[in-house]
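Whenever a hint applies, use it, and build me the whole structure from the sequences.
Protein sequences, first through last, are from chains A and B. Take the first sequence: its position 132, counting from 1, is numbered 132 in UniProt numbering, and each next residue is one higher. Take the second sequence: its position 16, counting from 1, is numbered 16 in UniProt numbering, and each next residue is one higher.
Hints listed in this document are in silico derivations from the structure and should not be mistaken for laboratory results. Among the hints, erroneous ones may be present.
[Claimed, not checked] Selected chain A positions facing chain B (in silico; Cβ < 7 Å):
1. HIS9
2. ASN12
3. PRO93
4. GLU122
5. GLY136
6. LEU141
7. LEU145
8. ARG164
9. MET184
10. VAL259
11. ALA260
12. ALA266
[To be verified] Here chain B is said to cover these stretches of chain A; the calculated rule only asks that three of the stretch's residues, wherever they fall, bring their Cβ under 8 Å from a Cβ of chain B:
13. 1-8
14. 220-227
By construction, the Cβ of each residue, glycine as well, lies at the ideal position given by its N, Cα and C atoms.
Residue strings, one per chain:
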Amino acid sequence: MNSATFIQHMLNSLTLGSLYALVAIGYTMVYGILRLINFAHSEMFMLGAYFVFWGITLANLPWPVAMVIAIVVTATLGIVVDQVAYRPLRDAPRISALISSIGVSFFLQNVAIVFFQAIPREVYRPQWLEDPIIMGGVRVLPLTLFVPLLSLALMLGLIWIVYRTKAGLGMRAISKDIETSYLMGVPVNRIIALTFGIGSALAAASGIMWALRYPQLQPIMGTIPGFKAFIAAVFGGIGSIQGAVIGGLALGFIEIMTVAFFPDLAGYRDAFAFVLLIAVLMFKPTGLLGERLEDKV
Amino acid sequence: MRKMLLLCLALVLGFANAALAADDTVKIGVFLPLTGQNAFGGQLELEGVQLAAKENPTVLGKKVELFVVDNKSDKVEAANAVKRLIEKEKVQAIIGTYGSSLAMAGGEVSEKAGIPQVGTSCTNPLVTQGKKYIFRVCFIDPYQGAGAATYAYKTLGLKKAAMLVDLASDYSVGLSKFFSKSFTKLGGQVVATLNYQSGDQDFTAQLTKIISEKPDVLFIPSYFAEGAIIMKQAKELGATFKIMGGDAMDNPKITDIGGSAVEGFVHTTFPYDPSMKNMTEMAKKFTAGWKAQYPGKELNVNAALGYDAYMIILDAITRAGKADPESIAKALAATKGFQGVTGATTINETHDAEKPVGLVVIKDGKKIYEGEITPEL
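Here you go:
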């Protein structure tokens, strides 16, 4: 392997890893606050991507406007899903909400198959995204540089919300003890709705970036990225925002480098990701940066 | 005297029997999906069969009678349809069907009854596997791989190939096997074979590896959902090699999704297109006949395969000199170089058709039928 090929592999890893990181941030944020793995995250990811391309092709909106609208619409939808599917289960055992989220995921996916049809659709990319930058045998898409920066910015933004704002204070209180939060006057339902809104907005943002990188829309496009992001979040320590970013990047590198160094195993790269998940759960269940949960008495 | 009488009686009875079996008509059953999800293809194939029957109404001086039954795109209905054709209509041969699973369900019944069945466009290798009475006029899916290899090596003069194969799909694995076998036999070299799984969206790692091996051609026997974005990513990574694929890439959306990245892409297909240059005699007749019979209706390869299925049975009956199921089956199995609408057809030992493979190339965002090639196995 010459150095140009190696650098190309590194850049490919960075692109894929930062996309995983982007999806994982949303996953981990909802989990960190509600202790709920929101499987419908994959479908918010898919819907966000569809919305933006409808905005562009049907309503002829310019790029940035379509993107903002798609993110807002998806966030609203996330809040609606919370009201319909999770809020009635607030006092039920945690597993009920988890199962409900699986139901929402299947529901949205099948609705999408019916209404959007299962055939893949094209994505129009702005021209400046189409042309790679060429540097001595290495080719970089502008997106390769943009996505990591976006992930980093969103990570910092989230940390700011969670640790520096009043809503964030509420979120942290809820994550510690939901009943006491009620008693202390935290507007629990509003904060949770906000959490889902932000989570869904993040899913939409990552779905849009994913669709720009892999320009094709399908109703099932969120499933595999969703699983991978989940692995990334667990690897980094589920609940930890920085952990999600590190986990996503690590997963991207592991996948690409597996293919680069063991090309015969290329068909099993997904399997490696899942083996990693099992290994983490067995040997370090809290992940790289996860906090240890103390058992409540 | 008594002996003579018995002999006479036997002779008379014998003749009567023979006369009964060799009725003055030849009965051919047709089971196709005329309703349900496969109706579009089934209708076209039926029209092909009917056109052939209209133009060639007799064989061995006997009238050919067609019995058409709808299999409703359903496996149970397909088995019932064949049962009805055999038990009620007492057909001597059966044409059908579009859809491999339907062909398999119907084939079980024909096989048991010993009635020859000729498939139209059922391309799964399992349809004829281990069957004595089941044939088809289309080639099996993986056979196209050999066509792609022959085209790449002989026509384009490309010597080094790479493959990117969907590990989770029989179709993809089958095509790649035929491709590499044919390509290496011709003298070429397969420099890299990488895998992925259906549903993957990131192929950058595999493609970077393939690009570093510097092949002349990349064969991607994938489905359309992956194929278009593989080509897109290959272009982004600076790939300059030729890319080829199988008929699963035959989708009008390919240029929408792939854009300029699919320019020059070649995929294999069935060897008939109304715009093709060197048609066989039968293809010319079929094309003209279709235009007269169904003016304004678009002509496609399914209709051509329906036509061929009828004609190959007639050819078998003519060669056998008689029309009982056993002789038809024997003659069908011995078909060699039958000049059908879809090219020179030979039935091989697995009862699948070996014939030229068609090639479609994408030029200026449009699909152009390029011609045919006879694969070297």
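Here is what the structure says about each hint:
{"no.": "1", "hint": "HIS9", "verdict": "holds, 6 Å"}
{"no.": "2", "hint": "ASN12", "verdict": "holds, 4 Å"}
{"no.": "3", "hint": "PRO93", "verdict": "violated, 33 Å"}
{"no.": "4", "hint": "GLU122", "verdict": "holds, 4 Å"}
{"no.": "5", "hint": "GLY136", "verdict": "violated, 12 Å"}
{"no.": "6", "hint": "LEU141", "verdict": "holds, 6 Å"}
{"no.": "7", "hint": "LEU145", "verdict": "violated, 14 Å"}
{"no.": "8", "hint": "ARG164", "verdict": "violated, 35 Å"}
{"no.": "9", "hint": "MET184", "verdict": "violated, 45 Å"}
{"no.": "10", "hint": "VAL259", "verdict": "holds, 4 Å"}
{"no.": "11", "hint": "ALA260", "verdict": "holds, 6 Å"}
{"no.": "12", "hint": "ALA266", "verdict": "holds, 5 Å"}
{"no.": "13", "hint": "1-8", "verdict": "holds (count 4)"}
{"no.": "14", "hint": "220-227", "verdict": "holds (count 5)"}
Checked against the numbered hints above, the structure violates hints 3, 5, 7, 8, 9; every other hint is satisfied.
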